[in-house]
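Colleague: Chains as they are written, first to last, in our numbering: chain A, 1 to 122; chain Y, 123 to 302.
Keep in mind the hints are simulated off the structure, nothing from the lab.
Take these hints with a grain of salt, some might be off.
Below 20 Å or equal to it, Euclidean Cα-Cα: the simulated PhoX-like pairs (lysine-lysine) are [as the list claims (entries may be wrong)]: (1) Y:Lys229 to Y:Lys157; (2) Y:Lys266 to Y:Lys157; (3) A:Lys87 to A:Lys61; (4) Y:Lys267 to A:Lys2; (5) A:Lys2 to Y:Lys266; (6) A:Lys110 to A:Lys61.
Where chain A lies over chain Y, by a calculated footprint (3+ residues, C-beta under 8 Å) [what the hints assert, rightly or not]: (7) 130–141; (8) 190–204; (9) 242–253; (10) 272–285; (11) 290–296.
Quick list of simulated restraints, FRET-style, between CB atoms [what the hints assert, rightly or not]: (12) A:Glu12 to Y:Val209: 40 to 46 Å; (13) Y:Ser260 to A:Ala25: 31 to 37 Å; (14) A:Glu86 to Y:Ile233: 35 to 41 Å; (15) Y:Asn152 to A:Tyr82: 46 to 52 Å.
Backbone N, C-alpha and C fix where the C-beta goes; we use that ideal spot for every residue, glycine too.
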Amino acid sequence: MKSLAELAAIRERMQSKVNIRENNASMRIVVGMATCGISAGARPVLNAFVEGVANAGLSNKATVSQTGCIGICQYEPVVEVYNGDEKVTYVNMTPEKVAKVIEDHIKNGKVVAEYTIGAATK
Amino acid sequence: MKELSLNILDIAKNSVKAGAANVIIKLEENEDDLKVIIADDGCGMPSEMVARVTDPFCTTRTTRKVGLGIPFYKLAAEQTGGRFEIVSKTKSYEGDTSGTTVTAVFKKKHIDCLPLGDVISTVSTLIQGSPEIDFVFSHEFDGKKVFLSTAEMRELLGDVPLNSPEVLMWIRDYLEEQYN
Numbered sequence: 001m002k003s004l005a006e007l008a009a010i011r012e013r014m015q016s017k018v019n020i021r022e023n024n025a026s027m028r029i030v031v032g033m034a035t036c037g038i039s040a041g042a043r044p045v046l047n048a049f050v051e052g053v054a055n056a057g058l059s060n061k062a063t064v065s066q067t068g069c070i071g072i073c074q075y076e077p078v079v080e081v082y083n084g085d086e087k088v089t090y091v092n093m094t095p096e097k098v099a100k101v102i103e104d105h106i107k108n109g110k111v112v113a114e115y116t117i118g119a120a121t122k
Numbered sequence: 123m124k125e126l127s128l129n130i131l132d133i134a135k136n137s138v139k140a141g142a143a144n145v146i147i148k149l150e151e152n153e154d155d156l157k158v159i160i161a162d163d164g165c166g167m168p169s170e171m172v173a174r175v176t177d178p179f180c181t182t183r184t185t186r187k188v189g190l191g192i193p194f195y196k197l198a199a200e201q202t203g204g205r206f207e208i209v210s211k212t213k214s215y216e217g218d219t220s221g222t223t224v225t226a227v228f229k230k231k232h233i234d235c236l237p238l239g240d241v242i243s244t245v246s247t248l249i250q251g252s253p254e255i256d257f258v259f260s261h262e263f264d265g266k267k268v269f270l271s272t273a274e275m276r277e278l279l280g281d282v283p284l285n286s287p288e289v290l291m292w293i294r295d296y297l298e299e300q301y302n
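Bound conformation, chain Y alone:
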């Protein structure tokens, strides 16, 4: 991956695949660290699976015996002197909660830290692909906070799908304005 925003897209796609109704993507930056939290309320994974997901020879895909999404992401964090953590829970009884939270910390000043890149494209791509999921995106840096919640948008849009071209263009402009 050439930019962290592509890793974020790839990891958030696992939440989509886990059947999540809500996905939170939270970026917090200070002078030294970029912390990225990707949290979902999908089906979660049993502990044996959690222990194996950083192994490239563990995958849910059926077309290959390797899965590189999580190993790539973990490497991207650890090669900067940062850290990677995955916490997951499956339902243990009817009505129980489930979900997965992936947290990565990147040391921004390390020479091997990839640029964050086009995170706006990552958000719009996720919404385009899964308009039925509610995404909450936030990015805090330099005392600023960029924020988007699809649940808030849905209230105003009624039955207009979130992946309509007009809406996707609005999302892009709305986020770009907040960054500028």
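Isolated chain A (complex conformation):
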């Protein structure tokens, strides 16, 4: 049975990791979550990133956040990955595609070209 008391245990476990958390993650994964994104399937894409990044142990390397309408509604779900000055825009995302983006791009720094907006507009 899950109880609120377990949160105190999470707190204790996390406190030992505080220093790790304070390291600034260098990559930002931003998921468009306005009406257009949500109706196109952004919610499961976001959750796949949240769980995938945590499960791959990449929480200190990349953060996952939400934003409003990016302006290219026809390509939703849209995900932007920022790394320093570089921005990569992934379009028509699905939870299945998320696994490859995490493995290739977030973990190994190799952009998944076939999922990017450049490939979609060719």
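Given chain A's structure and the hints, the job is docking chain Y onto it.
Modeller: Leaving out everything else, chain Y in the frame of chain A:
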């Protein structure tokens, strides 16, 4: 939208945008009706704006001249023979209260009533996106009550953010257990 939980996520995001500190999402079901109340203490809207928000050509977004969130939600309720209502108040003096409450009733047995869908994902997505806001989620059905309050969680978590992956997974499990 394929499920009502996605509409609920979309409408609750307006509360986030309105700068709310507290957002209440309350679902009440009986045999015939599903009533969904989304209430916030955000900045509210003047009455002229309230009158226009169900118009698709009214929006706060800057990338398009259309806003479909509220029109979609209103349609989803009214196409079942249910109803939609929005009440909002701005501050009229320093220290006054403000906020918006959106209430929708869905007739569950109507053929055009969308399924509620994955409401747990909606709650965890809202908390992931706005860990600084306090959300109270409740869902009453079949004599059962599912409940989550982030303020209660915060007391035990101290400075651990609500959007830590461990906490988000706990939220999912905690709600799933209450539904089962």
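Colleague: Now look at each hint and say whether the structure bears it out.
Modeller: Hint by hint, here is what the structure shows:
{"no.": "1", "hint": "Y:Lys229 to Y:Lys157", "verdict": "9 Å, holds"}
{"no.": "2", "hint": "Y:Lys266 to Y:Lys157", "verdict": "15 Å, holds"}
{"no.": "3", "hint": "A:Lys87 to A:Lys61", "verdict": "16 Å, holds"}
{"no.": "4", "hint": "Y:Lys267 to A:Lys2", "verdict": "15 Å, holds"}
{"no.": "5", "hint": "A:Lys2 to Y:Lys266", "verdict": "17 Å, holds"}
{"no.": "6", "hint": "A:Lys110 to A:Lys61", "verdict": "15 Å, holds"}
{"no.": "7", "hint": "130–141", "verdict": "holds (count 4)"}
{"no.": "8", "hint": "190–204", "verdict": "holds (count 3)"}
{"no.": "9", "hint": "242–253", "verdict": "holds (count 6)"}
{"no.": "10", "hint": "272–285", "verdict": "holds (count 6)"}
{"no.": "11", "hint": "290–296", "verdict": "holds (count 5)"}
{"no.": "12", "hint": "A:Glu12 to Y:Val209: 40 to 46 Å", "verdict": "43 Å, holds"}
{"no.": "13", "hint": "Y:Ser260 to A:Ala25: 31 to 37 Å", "verdict": "34 Å, holds"}
{"no.": "14", "hint": "A:Glu86 to Y:Ile233: 35 to 41 Å", "verdict": "50 Å, violated"}
{"no.": "15", "hint": "Y:Asn152 to A:Tyr82: 46 to 52 Å", "verdict": "47 Å, holds"}
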